[in-house]
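Here is what each chain is made of, one letter per residue.
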Amino acid sequence: AQSVAQPEDQVNVAEGNPLTVKCTYSVSGNPYLFWYVQYPNRGLQFLLKYITGDNLVKGSYGFEAEFNKSQTSFHLKKPSALVSDSALYFCAVRDMVGTALIFGKGTTLSVSS
Amino acid sequence: GAVVSQHPSWVICKSGTSVKIECRSLDFQATTMFWYRQFPKQSLMLMATSNEGSKATYEQGVEKDKFLINHASLTLSTLTVTSAHPEDSSFYICSAPNRDQEQFFGPGTRLTVL
Numbered sequence: 001a002q003s004v005a006q007p008e009d010q011v012n013v014a015e016g017n018p019l020t021v022k023c024t025y026s027v028s029g030n031p032y033l034f035w036y037v038q039y040p041n042r043g044l045q046f047l048l049k050y051i052t053g054d055n056l057v058k059g060s061y062g063f064e065a066e067f068n069k070s071q072t073s074f075h076l077k078k079p080s081a082l083v084s085d086s087a088l089y090f091c092a093v094r095d096m097v098g099t100a101l102i103f104g105k106g107t108t109l110s111v112s113s
Numbered sequence: 001g002a003v004v005s006q007h008p009s010w011v012i013c014k015s016g017t018s019v020k021i022e023c024r025s026l027d028f029q030a031t032t033m034f035w036y037r038q039f040p041k042q043s044l045m046l047m048a049t050s051n052e053g054s055k056a057t058y059e060q061g062v063e064k065d066k067f068l069i070n071h072a073s074l075t076l077s078t079l080t081v082t083s084a085h086p087e088d089s090s091f092y093i094c095s096a097p098n099r100d101q102e103q104f105f106g107p108g109t110r111l112t113v114l
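For the protein sequence lines, the chains are L and F, in the order given.
Numbering of the first sequence is given in my numbering, commencing with residue 1 and proceeding in unit increments.
Numbering of the second sequence is given in my numbering, commencing with residue 1 and proceeding in unit increments.
Please note that the accuracy of each hint is not assured.
Here are the computed lysine to aspartate or glutamate pairs in the EDC-like style, where the Cα-Cα straight-line distance is at most 20 Å [said to hold, decoys possible]:
| # | chain 1 | residue 1 | chain 2 | residue 2 |
| --- | --- | --- | --- | --- |
| 1 | F | 66 | F | 88 |
| 2 | F | 41 | L | 54 |
| 3 | F | 41 | F | 87 |
| 4 | F | 20 | F | 63 |
| 5 | L | 69 | L | 85 |
| 6 | F | 41 | L | 85 |
| 7 | L | 22 | L | 9 |
| 8 | L | 105 | F | 59 |
| 9 | F | 55 | F | 22 |
| 10 | F | 64 | F | 22 |
| 11 | L | 105 | L | 54 |
| 12 | L | 69 | L | 54 |
| 13 | L | 49 | F | 100 |
| 14 | F | 41 | L | 8 |
| 15 | L | 77 | L | 9 |
| 16 | F | 66 | F | 102 |
| 17 | L | 49 | F | 102 |
| 18 | L | 58 | F | 102 |
| 19 | L | 49 | L | 66 |
| 20 | L | 49 | L | 15 |
| 21 | L | 77 | L | 66 |
Simulated from the structure, these hints should not be mistaken for laboratory data.
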């Protein structure tokens with residue numbers, strides 16, 4: 001069965017500092033990995049995905065993520081955090097085309113000014 | 001990019017009534033749509049897979065008679081919460097993959113049962 005782990009409930013970072021939100025996954029086949037962001041009482045916004053190819057994936061709003069097969073990780077990163085990045089971040093995985101995404105529990109990112 | 005809409009965006013109802021939530025893919029066809037449920041500050045839990053022209057597939061622990069799903073066309077899936085109770089209050093989100101298998105999420109429907 002597929003699963004996603006986000007080990008941190010909350011990440012706190014000062015504006016301008018780099019940020020990392022961690023994600024590890026478990027799938028039986030090749031993983032399709034995603035990051036989404038959610039603002040209060042809103043739906044999900046797509047940030048980036050890894051399907052195949054380069055391990056470093058660049059996405060929206062300056063975010064990027066690095067796929068590490070040996071560590072089964074897909075950590076989300078940004079070189080310089082903004083206060084407006086404060087939100088709830090979800091890592092998600094699926095192992096087959098056409099199946100639903102399985103989400104991690106989410107990590108709240110708080111960026112202080 | 002592709003757009004998925006949900007209607008209504010929020011609904012308040014009395015206990016015992018039924019509520020229908022619509023999920024539409026606006027500019028693409030989706031033979032499959034997914035319904036998720038999210039409690040405050042928690043993750044999205046997959047409830048069911050909606051299949052156009054056939055029965056929905058429910059996840060373990062989800063009552064199919066409680067949460068009726070109909071996928072009558074390639075652009076519309078509906079979730080009906082029957083005989084709603086306060087514990088059904090939640091944020092319901094649908095998603096639909098386009099033919100490139102990119103998932104697009106609706107904005108969600110906030111259901112409050114009094």
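Here is what the structure says about each hint:
1. Our distance criterion of 20 Å between C-alpha atoms is met by residue 66/F and residue 88/F, whose separation comes to about 10 Å.
2. A hinted pair counts as satisfied when its Cα atoms are at most 20 Å apart, and residue 41/F with residue 54/L does not qualify at roughly 33 Å.
3. At roughly 16 Å between alpha-carbon atoms, residue 41/F and residue 87/F fall within 20 Å of each other, so this suggested pair holds.
4. Between residue 20/F and residue 63/F the alpha-carbon distance is near 16 Å, which keeps this suggested pair within the 20 Å criterion.
5. Taken as a hint, the residue 69/L and residue 85/L pair is broken in the structure, with Cα atoms around 27 Å apart against an allowance of 20 Å.
6. A hinted pair counts as satisfied when its Cα atoms are at most 20 Å apart, and residue 41/F with residue 85/L qualifies at roughly 17 Å.
7. Taking the CA atoms of residue 22/L and residue 9/L, the gap is about 10 Å. The hint holds against a cut of 20 Å.
8. With a C-alpha separation of about 18 Å, the suggested pair residue 105/L and residue 59/F falls inside the 20 Å cut-off, and the hint holds.
9. Of the pairs offered as hints, the one joining residue 55/F and residue 22/F holds, with about 17 Å between alpha carbons and a cut-off of 20 Å not exceeded.
10. Taking the CA atoms of residue 64/F and residue 22/F, the gap is near 17 Å; set against the 20 Å cutoff, the hint holds.
11. For the hint linking residue 105/L to residue 54/L, the alpha-carbon distance of about 26 Å lies beyond 20 Å, and the restraint is violated.
12. Distance hint between residue 69/L and residue 54/L is fulfilled; the C-alpha atoms sit about 12 Å from each other, no more than 20 Å.
13. Restraint check: the Cα-Cα separation between residue 49/L and residue 100/F comes to about 13 Å, which is no more than 20 Å; the hinted pair holds.
14. For the hint linking residue 41/F to residue 8/L, the alpha-carbon distance of about 13 Å falls within 20 Å, and the restraint holds.
15. Restraint check for residue 77/L and residue 9/L: the C-alpha separation of about 16 Å stays at or below 20 Å, so the hint holds.
16. Simply put, residue 66/F and residue 102/F have alpha-carbon atoms about 29 Å apart, too far for the 20 Å limit, and the pair is violated.
17. Our distance criterion of 20 Å between C-alpha atoms is met by residue 49/L and residue 102/F, whose separation comes to about 9 Å.
18. This hinted pair checks out: residue 58/L and residue 102/F have alpha carbons roughly 16 Å apart, not beyond 20 Å.
19. The straight-line distance between the Cα atoms of residue 49/L and residue 66/L is roughly 10 Å, inside the 20 Å bound, and the hint therefore holds.
20. For the hint linking residue 49/L to residue 15/L, the alpha-carbon distance of about 25 Å lies beyond 20 Å, and the restraint is violated.
21. This hinted pair checks out: residue 77/L and residue 66/L have alpha carbons roughly 8 Å apart, not beyond 20 Å.
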